[in-house]
Amino acid sequence: MPAPVISPAEKAYIQDGVAHDCRADGRSRLEYRHLVLESGLLSQAGGSARCRLGETDVLVGVKVEIGEVEPDKPNVGRILCNVECAPSASQQFEGRGADDLNNTLTQALDRIYNGPQGGFDLEKLCIIPGQSCWLIYIDAMVMDYAGNLFDTIVMTTRAALQDTRIPKTEVQDLGDGEFEFDVVDDVEEAEPLEGWDDSPVVVTLYKIGERYIVDPTMLEELCAQVILSVGVNKHGQLCGTQKSGLGSLEPSLLSDMIQTATQLALPLIDKLDTKLHDDYEKELDKRRKGEHVEKMGFFAAVI
Amino acid sequence: MDRRRVNGPETSVTPIFKSSTKATILNGSSKRIDNRSADDLRPLFLKTGLVTQANGSAYIEMGKIKIVCAVYGPRQLKRVGFSSQGTLTCDFKFSSFSCVQRRNHMRDPQEREYSTILVQALTPAVRLELIPKSAVDIYINVLESDGDNACLAAAIIVASVALADAGIEMLDQVTACSALMQEKMLLMDGTMEEEDQTDGSVMVSYMPSLNEVTSVLQTGKTNLDEVNHAMESCIDGCSKLYGVMSASLIESLQ
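Protein chains in written order, with UniProt numbering: chain A, 1 to 303; chain B, 1 to 254.
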């Protein structure tokens with residue numbers, strides 16, 4: 001099935017709404033939809049999180065595996081991202097329909113996390129220099145596509161990385177420059193991923209008419225001429241900016257949009273971090289008291 | 001397994017050279033490795049008409065970067081169906097020998113992403129509404145690469161000139177420029193050696209007559225004001241390149 005289409009009448013309605021700061025669902029231009037975020041859902045993953053922003057649903061699983069170092073970077077571990085849109089997420093994803101979108105999202109996610117802007121201390125992920133290192137596989141699965149996909153994926157990934165625990169390793173020096181290591185089995189001794197809170201969050205702005213909005217629905221996304229994704233970390237630094245869409249914009253509007261994205265990102269990071277921190281504390285507390293920890297589960301977020 | 005080609009062994013690696021001291025990208029007298037100053041762009045060579053079979057073609061050389069672009073169109077859409085506007089597609093390919101590490105014959109994710117970026121950068125300039133039911137295909141072949149961002153910028157420039165050479169109606173030429181950022185330093189049009197040693201980069205494509213930006217790509221961790229300054233410098237660089245592009249097109253008419 002081809003990509004969804006939108007009628008000119010509907011497009012005009014949405015454009016007028018955006019111009020008057022009152023969108024089809026009553027939100028203002030820079031208002032987000034209802035957000036549900038939960039981490040620690042999957043037992044087989046090193047870390048996991050699920051986020052539902054409006055109706056867009058993304059599940060991220062992080063697996064930590066041991067692999068060989070790259071020959072030209074012998075002292076660092078690696079982060080490998082992959083995004084997959086489930087064929088069930090939208091009618092346009094059947095068969096190979098999601099291929100292009102998967103590739104675009106994977107490359108964009110890789111741009112955010114691969115490098116110093118990702119915030120991680122990759123040297124800490126090295127087990128034996130020149131030999132073995134931790135590979136962090138980030139796999140994002142889109143379960144429901146209702147607009148604003150990339151922002152949701154990055155938010156969920158951030159929560160999943162906060163939830164990730166890396167097992168402790170004990171390195172033994174066999175002498176003669178030979179090393180061997182053992183992975184400690186104890187779950188309690190696993191360490192969190194250092195630098196996850198320095199990782200960025202992405203705010204994507206969609207230009208409709210002469211104004212721009214944040215967090216669009218499916219129909220609003222179809223009206224957007226220019227799409228600007230801006231990655232911002234908690235220090236207010238830009239960690240990756242990309243323009244997509246088939247339109248163009250004036251340089252002054254471009255700087256304005258980047259500025260707005262930064263201003264929206266900082267309180268968003270703050271709220272997300274506070275929530276993740278509070279949830280984690282509550283869970284630890286319950287475990288200490290021996291109480292049953294109940295997860296919301298996959299259907300609880302569907303309002 | 002690719003049965004159409006002669007495959008070598010399954011894994012082979014590029015040799016890693018025992019590195020001598022890396023040349024500093026900006027030495028004491030503010031000169032870069034290739035003796036440019038921080039805001040000098042590499043010298044540009046553009047010529048149209050390289051591929052005789054194509055409706056339009058162009059060749060660009062920017063320092064060591066060499067790219068050939070061929071444009072076929074407007075021609076019939078391969079898919080059945082009606083579209084009220086023309087379709088612009090791009091096939092971006094690095095030749096196997098163009099980069100330090102040998103590239104596969106199959107299109108890898110980076111090439112597919114660059115193809116998409118190229119379409120998004122050029123579409124605002126092309127008058128697609130004048131060619132319904134038609135397709136314009138742009139084929140980019142990178143013969144030698146020297147810096148990913150600079151390569152992408154050069155590809156946008158050569159594609160724009162090739163489109164004009166093909167006689168496809170456009171609203172404006174699309175120029176592009178890239179820059180590298182490291183702490184307080186801004187290096188315009190960075191080479192691969194400089195790219196390896198810096199964290200941040202910016203690539204901007206711009207239509208000078210309409211004063212509109214058609215593509216922005218920023219990577220690395222940078223402060224907001226540094227990025228704004230880099231984008232402004234890139235737009236200035238774009239305006240400088242516009243003159244060379246127009247000159248090469250006028251020359252092709254003579």
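None of these hints come from the bench; they were simulated from the model. Incorrect hints may appear among the rest.
Computed spacing ranges between beta-carbons, pair by pair [what the hints assert, rightly or not]:
{"no.": "1", "chain 1": "B", "residue 1": "P15", "chain 2": "A", "residue 2": "A3", "range": "39 to 47 Å"}
{"no.": "2", "chain 1": "B", "residue 1": "F97", "chain 2": "A", "residue 2": "T169", "range": "50 to 58 Å"}
{"no.": "3", "chain 1": "A", "residue 1": "G177", "chain 2": "B", "residue 2": "S19", "range": "19 to 27 Å"}
{"no.": "4", "chain 1": "B", "residue 1": "P132", "chain 2": "A", "residue 2": "A9", "range": "20 to 28 Å"}
{"no.": "5", "chain 1": "B", "residue 1": "L50", "chain 2": "A", "residue 2": "P74", "range": "41 to 49 Å"}
Covered stretches of chain B, as calculated for chain A (at least 3 residues, CB under 8 Å) [stated by the list, open to error]:
{"no.": "6", "stretch": "102 to 113"}
{"no.": "7", "stretch": "145 to 154"}
{"no.": "8", "stretch": "215 to 227"}
Derived PhoX-like pairs (lysine-lysine); straight-line CA-CA distance at most 20 Å [stated by the list, open to error]:
{"no.": "9", "chain 1": "A", "residue 1": "K295", "chain 2": "A", "residue 2": "K275"}
{"no.": "10", "chain 1": "A", "residue 1": "K73", "chain 2": "B", "residue 2": "K18"}
{"no.": "11", "chain 1": "A", "residue 1": "K73", "chain 2": "B", "residue 2": "K22"}
{"no.": "12", "chain 1": "B", "residue 1": "K31", "chain 2": "B", "residue 2": "K184"}
{"no.": "13", "chain 1": "B", "residue 1": "K64", "chain 2": "B", "residue 2": "K47"}
{"no.": "14", "chain 1": "A", "residue 1": "K271", "chain 2": "A", "residue 2": "K289"}
Note that beta-carbon positions come from the ideal geometry of N, C-alpha and C, so glycine has one too.
Against the structure, the hints come out as follows:
Checking the proposed 39 to 47 Å range against B/P15 and A/A3 shows it holds: the Cβ atoms sit about 45 Å from each other. A C-beta distance of roughly 41 Å is found between B/F97 and A/T169, which places it outside the suggested range of 50 to 58 Å. Taking 19 to 27 Å as the suggested C-beta distance range, the pair A/G177 and B/S19 conforms, at roughly 21 Å. The beta-carbon spacing between B/P132 and A/A9, approximately 21 Å, falls within the hinted interval of 20 to 28 Å.
Against the hinted window of 41 to 49 Å, the Cβ-Cβ separation of B/L50 and A/P74 comes to about 43 Å, which satisfies the hint. Under a criterion of three residues with beta carbons nearer than 8 Å to beta carbons of chain A, the stated coverage of the stretch 102 to 113 of chain B is upheld, 4 such residues being counted. For the stretch 145 to 154 of chain B, the stated coverage by chain A is not satisfied: 0 residues place a CB nearer than 8 Å to a CB of that chain, which falls below the threshold of 3. Counting residues of the stretch 215 to 227 of chain B whose beta-carbon sits less than 8 Å from any beta-carbon of chain A gives 11, enough to reach three: the coverage restraint holds.
For the suggested pair A/K295 and A/K275, the alpha carbons sit about 15 Å apart, so the restraint of at most 20 Å is met. A distance of roughly 13 Å separates the Cα atoms of A/K73 and B/K18; the hinted pair therefore holds under the 20 Å criterion. As the CA atoms of A/K73 and B/K22 are separated by approximately 16 Å, the hinted pair is consistent with the 20 Å bound. The straight-line distance between the Cα atoms of B/K31 and B/K184 is roughly 16 Å, inside the 20 Å bound, and the hint therefore holds.
Distance hint between B/K64 and B/K47 is fulfilled; the C-alpha atoms sit about 16 Å from each other, no more than 20 Å. About 27 Å separates the Cα atoms of A/K271 and A/K289, which puts this hinted pair outside 20 Å; it is violated.
Checked against the numbered hints given earlier, this structure breaks hints 2, 7 and 14; the rest are met.
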